[in-house]
Structure formats: structure tokens, C-alpha cells
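Enquirer: Going down the list, the protein sequences come from chains W and P.
Note that my numbering has the first sequence beginning at 274, numbered continuously upward.
Note that my numbering has the second sequence beginning at 274, numbered continuously upward.
The hints are simulated quantities; they were obtained by calculation from the structure and are not laboratory data.
A portion of the hints provided could be inaccurate.
When chains are identical, the list treats them as one kind, so a pair holds in a single copy or across two.
Claimed, not checked - Listed below are the simulated DSSO-like cross-link pairs for lysine-lysine, each with C-alpha atoms no more than 30 Å apart in a straight line: (1) K288 - K361; (2) K559 - K640; (3) K405 - K361; (4) K569 - K405.
Protein chains: 2
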Amino acid sequence: MSLFFTVVQVPEAVKAVRDLAVPAGEEPVPLAGSLGRILARDILSDADIPGFARSVVDGYAVRASDTAGSGDAAPAILSFRGRVEMGKAAGRPLAAGECIYVPTGGVLPAGADAAVMIENTEMTGEDVLVKKPVAHGENVVLAGEDFREGEIVLRKGRRISAQDTGVLAAAGCTVVPVSKRPKIAILSTGNELVPAGEVPGQGQVRDVNSYVVASFVEGQGCIPVRYGIVRDDRGALRTALGKAAAECDAVLVSGGSSKDERDMVAAVVAEHGEILIHGIAIAPGKPTIIGRFAEKPVIGLPGHPAAAFVVLVAIGSHLITGMTGESGRSVRTTAAALAENVPSTRGREDYIRVAVHDGIATPLFGKSGLLNTLVRSTGIVRIPAESEGLETGTRVEVILW
Amino acid sequence: MSLFFTVVQVPEAVKAVRDLAVPAGEEPVPLAGSLGRILARDILSDADIPGFARSVVDGYAVRASDTAGSGDAAPAILSFRGRVEMGKAAGRPLAAGECIYVPTGGVLPAGADAAVMIENTEMTGEDVLVKKPVAHGENVVLAGEDFREGEIVLRKGRRISAQDTGVLAAAGCTVVPVSKRPKIAILSTGNELVPAGEVPGQGQVRDVNSYVVASFVEGQGCIPVRYGIVRDDRGALRTALGKAAAECDAVLVSGGSSKDERDMVAAVVAEHGEILIHGIAIAPGKPTIIGRFAEKPVIGLPGHPAAAFVVLVAIGSHLITGMTGESGRSVRTTAAALAENVPSTRGREDYIRVAVHDGIATPLFGKSGLLNTLVRSTGIVRIPAESEGLETGTRVEVILW
């Protein structure tokens with residue numbers, strides 16, 4: 274009997290891989306090399322940001338009450354008491370009726386509570402005419418208004434973006450605690466496969482999955498380790514899986530496309546490891562295996578690249594975020610409206626390829642076995658298990674390749 | 274007189290940077306290291322894909338006409354003529370009334386024009402009963418149906434995605450011609466700046482822009498080269514710009530936040546290079562400089578990180594794609610509906626920060642000078658120059674940080 278007939282729903286498969294995932298641990302990296310890494314801890318500011326009250330305009334530090342009622346016809350007249358230099362302390366405090374020039378970003382002197390834009394003033398001798406009133410706090414940022422000392426600026430599990438590196442710099446976090454990049458072993462099985470650098474003979478095809486799977490996990494913040502093509506031979510597969518599991522944190526083996534080949538992967542994992550799930554209610558991707566080999570998580574992916582990709586997005590990404598600790602979605606998405614009705618089978622998650630142009634997602638039906646649909650499509654749309662299909666115009670989330 | 278009052282529209286600024294951009298040239302990289310790089314040439318398939326007609330199911334290769342009218346009650350009876358092995362040629366051709374077992378991906382024998390799924394058959398002795406008819410071409414992919422030899426599989430200017438690496442593998446492109454990564458020099462000016470690793474004193478702030486700008490260009494496929502903080506001193510700035518321009522392909526200098534500092538950058542570029550544009554009708558980001566220094570493109574960015582980021586997205590990205598040859602948008606976006614009315618000034622592109630949750634984009638008004646808006650927001654929404662604002666519910670494209 275085939276091992277094939279205990280198909281589980283996608284959420285159960287997701288739970289299985291999350292249970293298998295072992296956190297990858299953390300390592301310090303320099304801030305300049307942290308883009309795209311996953312924060313391993315909450316990051317606190319080491320000081321008030323900003324560390325002092327500052328002007329956000331080029332103008333004059335004032336007491337707001339001194340400018341009340343001022344206008345072009347009846348300006349407030351304030352005594353000019355010098356300038357604040359960029360990067361320096363403010364010097365003397367400000368008394369009632371006085372003003373001090375402050376550049377954008379300069380320290381607001383003690384006693385001042387607002388800044389008047391220079392465009393709204395006029396210098397006459399030793400006095401400054403203020404022609405527009407300012408409110409208390411106007412055009413200034415207070416000490417700690419951005420972040421307080423000890424406040425969390427970024428949370429554990431966040432994937433560090435460009436602007437995040439700026440916030441980390443402001444918080445004084447120049448060495449960033451991030452999750453280690455998990456090492457993911459990648460194997461392809463199939464007697465029909467030849468390396469991409471060879472010319473395929475009759476009956477042979479080039480190994481596409483090694484590249485698709487490796488690139489996917491690389492994009493998810495992992496280190497792909499490629500073990501090449503394993504022939505359909507139980508001994509060879511057992512040896513290759515053993516080496517991969519010993520050297521890496523998880524193993525992704527894309528099965529041959531025929532049932533015999535798929536069954537071989539299942540048999541070897543079952544004999545020398547443990548199969549937890551064999552068959553998922555997902556299309557494409559049903560003949561997926563989830564298990565363990567030498568204590569490491571193993572996912573047996575379908576042989577077709579598009580199906581393998583769907584399983585990576587729907588299931589594999591949860592194994593990876595379980596290891597990296599990334600919170601939220603790790604895949605890129607865009608919103609679009611469906612151009613056509615899409616039928617679906619209740620009880621199974623269906624993933625359809627779509628091409629998105631100007632916010633319209635056109636399903637690419639036709640032969641799903643063709644690689645060119647990977648290039649012509651923008652990504653995939655998930656149709657939930659409880660749905661019998663989506664109607665034209667439905668707004669969908671497209672998971673980008 | 275300030276150099277400030279020849280404000281140009283965004284399209285003119287974009288044209289200026291595109292005119293300044295010099296293509297970065299190309300280099301070969303191994304396919305396994307090509308993810309995210311920009312294709313420097315069209316890639317052609319070196320062979321028909323697939324190289325032979327193949328079955329896409331586990332089942333029997335047949336002549337479709339032999340199965341016409343078959344059903345459970347009246348199956349077609351075909352003579353079993355052996356099996357095709359994965360990865361091998363098909364052996365003998367198929368005659369009328371015959372069938373040959375073919376696994377998924379196996380070669381379709383000459384004479385066959387369709388495949389019957391094994392689920393729709395039954396073996397009885399030397400015969401196979403076919404219980405469901407198939408049409409000509411059903412369940413098979415023809416030689417070259419995916420890509421023809423010499424056909425373009427991926428076009429120049431494409432940023433290589435995970436699935437693209439698979440298509441490149443299938444096309445035999447194991448060494449990929451990609452654009453060189455441009456080297457982008459990054460400088461920060463401002464007497465108030467201290468390196469992120471230091472504790473700021475009164476009036477001082479940490480250098481945030483070096484990180485934000487470097488991370489942005491890194492995400493765009495460039496190599497950021499950081500030249501640190503330059504004091505507000507014309508000689509020092511001239512020396513630093515000269516070194517940066519000599520060593521890199523373009524220079525991004527983020528100006529101090531005060532007008533004096535901004536004017537210094539403009540003055541040095543004007544004296545020792547050429548200023549093409551000074552002031553852009555964009556908010557935030559108006560005090561932007563576009564010019565040339567030692568024949569290299571220079572963009573003088575605003576001092577505030579959020580403003581610098583807007584200018585990078587709206588203007589700087591075009592300089593980079595001009596160098597890398599990337600076609601299409603290089604920034605990531607998502608669609609959302611505005612949660613509130615957003616006013617805008619006609620004649621100026623306004624960029625507002627928004628937080629996106631469940632497809633709803635909520636504008637973050639309030640003090641734009643705060644860094645925490647960078648973390649609380651998901652990205653920015655562009656309001657075109659010809660608009661006076663957007664109404665609640667308007668569908669907008671959010672440019673993700």
C-alpha cells in the first residue's frame with residue numbers, strides 16, 4: 274500500500290513544521306551588515322532621543338507667550354541675544370522678551386519653549402521683529418520625545434529594513450543581535466535529472482529545483498547548502514540525507530516527479546527517520562512529506578518547481594520562521610483584483626498562478642507543468658480550503674515569486 | 274542670494290539623474306549566486322525545453338484515437354508493450370492498439386500522442402483496460418512546448434527572482450551575465466553629528482543617514498561605500514567629495530539639517546563641480562541638490578532621514594536603475610485604501626507616511642521630524658503634483674520602506 278492516503282489540512286502541516294523547528298540561536302553583526310537580518314532581541318534606546326530639546330526650523334528660540342497677538346502690523350519685539358551653534362550646548366538661558374537664533378537641529382536654550390521660523394521675522398538692529406505668533410512647543414522637539422532612554426525601539430522578530438538601520442543607529446545599537454542564518458540542505462532526486470551545466474539527453478531534464486529552492490531559502494534569510502542530484506537508489510539517498518542532516522539545520526529534498534521516485538523518498542525517511550505527514554490538502558503540492566531524519570526536520574517537496582514553490586511558501590516558510598524567529602509574514606505580497614472567475618475544490622487550499630498588471634490579476638490556466646508559467650506569472654493566489662472558488666473582481670493577495 | 278529658488282518638478286529631476294547615470298557594465302556570476310542581480314542581456318534557451326515529448330502523469334502512453342468512446346462499461350482494450358524508464362529514451366515506437374507505461378516526466382514513445390492516467394485504467398494479464406478517453410495531446414507536453422531553442426527565456430533588465438534561477442537552469446545558463454553592482458559613496462555632513470557608536474553630547478545627534486542611505490542602496494543592488502561624517506568645512510568637504518567621486522560610481526551626500534550646512538554642500542559642488550538642480554517640488558525633500566563632481570553624479574540629500582528616504586525613492590532610485598539597467602520599478606509596493614483624507618499642495622509631489630493594516634493605510638500626521646514615524650509607518654504614499662489631496666477610501670500604492 275502506498276503511504277499516500279492520510280492527507281492532512283494545511284494548518285496541521287504548518288503546525289507540524291513549526292513543532293519541528295529549532296530556533297537558530299543568535300549572533301552579533303555590525304549594524305552596517307544587518308540589513309535583512311532578523312532581530313533576536315528587543316532593542317532598547319540607550320539614551321533619550323533626541324538628547325535635548327531642539328528646533329526643527331531655522332529661526333529664533335522664544336517664549337511662546339512673548340509672541341502672542343503678533344502680526345505684520347504689530348510685530349512682537351524681542352531682544353536678540355546671540356546664536357546657538359550646531360552641535361554645541363546653548364549657553365545662556367533665555368529670559369522673557371529675548372530671542373536666540375537656532376538652526377534646524379540646534380539646541381533650544383533653557384527658558385525657551387518654541388521656535389519662530391526665520392521667514393516670519395525681521396532683524397532691526399539689536400531687535401528681532403516677530404510677525405506671527407507661535408504656540409507652546411511649536412517647531413520644537415522635546416528631549417526624549419522621539420524615544421525615551423530604555424524604550425523599545427524595535428522588537429524581536431523584526432526583519433531589519435533600511436529605515437530600521439537608522440533607528441538602530443540613533444539608539445546606539447552598532448552591534449546588532451540577530452538570529453543566525455539557518456543552514457538548509459537542498460537535494461534533488463530523480464534519475465531523469467542532469468546538472469544545469471550539462472546538455473540533457475533523451476528522457477533527461479536539467480535540475481531546476483536545486484536553484485529555485487536554494488534561491489527561495491536564501492531570500493528568506495537562510496544559507497542554502499546544495500547537495501546536488503541524488504539518483505533513485507535507496508542507499509544513495511540514505512547516505513545523502515544523513516550527510517545533509519548532519520551538516521545542516523534542516524533538509525529540503527525535492528522528489529522525483531514520478532510516483533516511484535516520491536515513494537522512495539518516503540520509504541527512506543520512514544525507515545531511517547520518521548514520517549509525520551505524507552500528503553497535504555494543497556494543490557499543487559499534495560505529495561509532500563514532512564518528517565525528521567537524524568533529528569533534523571525534512572520536507573519532501575514535489576518534483577515540479579511550481580508545486581515545490583507553493584509548498585515552500587505555504588509550509589516551508591513556517592519552518593524557516595520557526596528557526597529564525599521572524600514575526601509576521603516573511604513572503605512579499607501585493608493586492609490585486611481577479612480578472613476572471615477561479616474555480617476551486619472545497620477542502621483543499623488551491624494556489625493559482627496569476628500575472629498582475631495595473632492591479633488586475635489574470636489567472637494563468639493551461640498546462641501547469643510548463644516552466645514558462647513561472648516567468649509569465651507575477652506570483653500565486655491562495656484560495657482557502659473552505660472556498661469553492663473566487664469570482665471576477667475579488668480582491669486577492671498575490672504572493673510574489 | 275541663496276541658490277534655493279529654482280525649484281523644478283520631479284520628472285525634470287528624474288530626467289537629470291537618468292542623464293547623469295552611466296551604465297555599470299556587466300560581469301558573469303555563477304547561477305547559484307545570481308539571486309537579486311540584474312540581467313545584463315536577454316537570455317536564450319540553448320535547447321528545446323523539454324527536449325522530448327513527455328508525459329505529465331503516471332500512466333500509459335497511447336494513441337488518443339484508440340481510447341475514443343471508452344468508459345467504465347466499455348473500456349478500450351490496449352496491448353501492454355512494456356515500460357519507459359525515467360531518464361531513458363523510449364525504445365520502440367507505439368503502434369495502433371498498443372500502450373506503454375510512462376511515469377510522470379518520462380519520454381512519450383514515438384507514435385503516441387496522449388497519456389492516460391493510471392487511475393483510469395486496469396491491468397488484466399497482457400492487456401490494459403482504458404476506462405476514460407483522452408484527447409490528442411492530453412496529459413503530455415511536447416518537445417519545445419515550454420521554450421524553443423533560441424527563444425528568449427528572460428529579458429535584459431530583469432531582477433533575478435527565485436523562480437528565474439530555475440528557468441535559467443533549465444535554459445542551461447549556469448554563468449549569468451549581470452550588471453555590475455555600482456559602488457555608491459555615502460557621506461554625511463553636519464557639525465552636530467557623531468558616529469552611532471558614540472554617546473552624543475549636548476547639541477549632538479548620532480549619524481542616522483549613513484545607515485539609512487547605505488541600506489537603501491544595498492537593497493537596490495549597489496555596493497555602499499561609507500565615508501563617514503564630514504564636518505562643516507569647505508576644504509574637508511571638497512577633499513571628501515573628491516575621494517568619494519574618484520573611488521565610486523556616484524556620491525550621495527546627506528546635508529546637514531540647517532540651511533547653512535545645506536548651502537555649504539551646494540557651494541562646494543558648485544565651485545568644484547556642477548550643480549544641475551537645486552530644489553525640487555517634492556515634500557519632504559525640497560532642498561535636494563543634483564549635480565556632478567569629478568564627472569560623477571552627486572545627489573545632495575536632505576538631512577532628515579525620512580526626507581532623505583523620500584528623495585532616494587523618488588529620484589535616487591532612477592539614478593541607480595540608470596546604472597544597473599533594471600527595468601520597471603525597483604521599489605516594493607503594496608496596495609491599500611486610505612483611512613483618512615489627505616490634503617496636498619498642487620504643483621508639488623507630496624509623500625506621506627502611512628501605517629498599513631489589513632489593506633487600510635492610515636496616514637501618520639504629527640511631527641515629521643521624529644524618527645519613530647519611520648518605525649511606526651509601513652511606507653510612503655505619493656500624491657501626484659497635479660492633485661490637491663486624496664479622499665478617504667482612495668486606493669493608493671504604498672511604497673514600502
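Enquirer: Would you list, in rising numerical order, the hints stated earlier that this structure does not obey?
Expert: Hint check: 1 and 4 fail, others pass.
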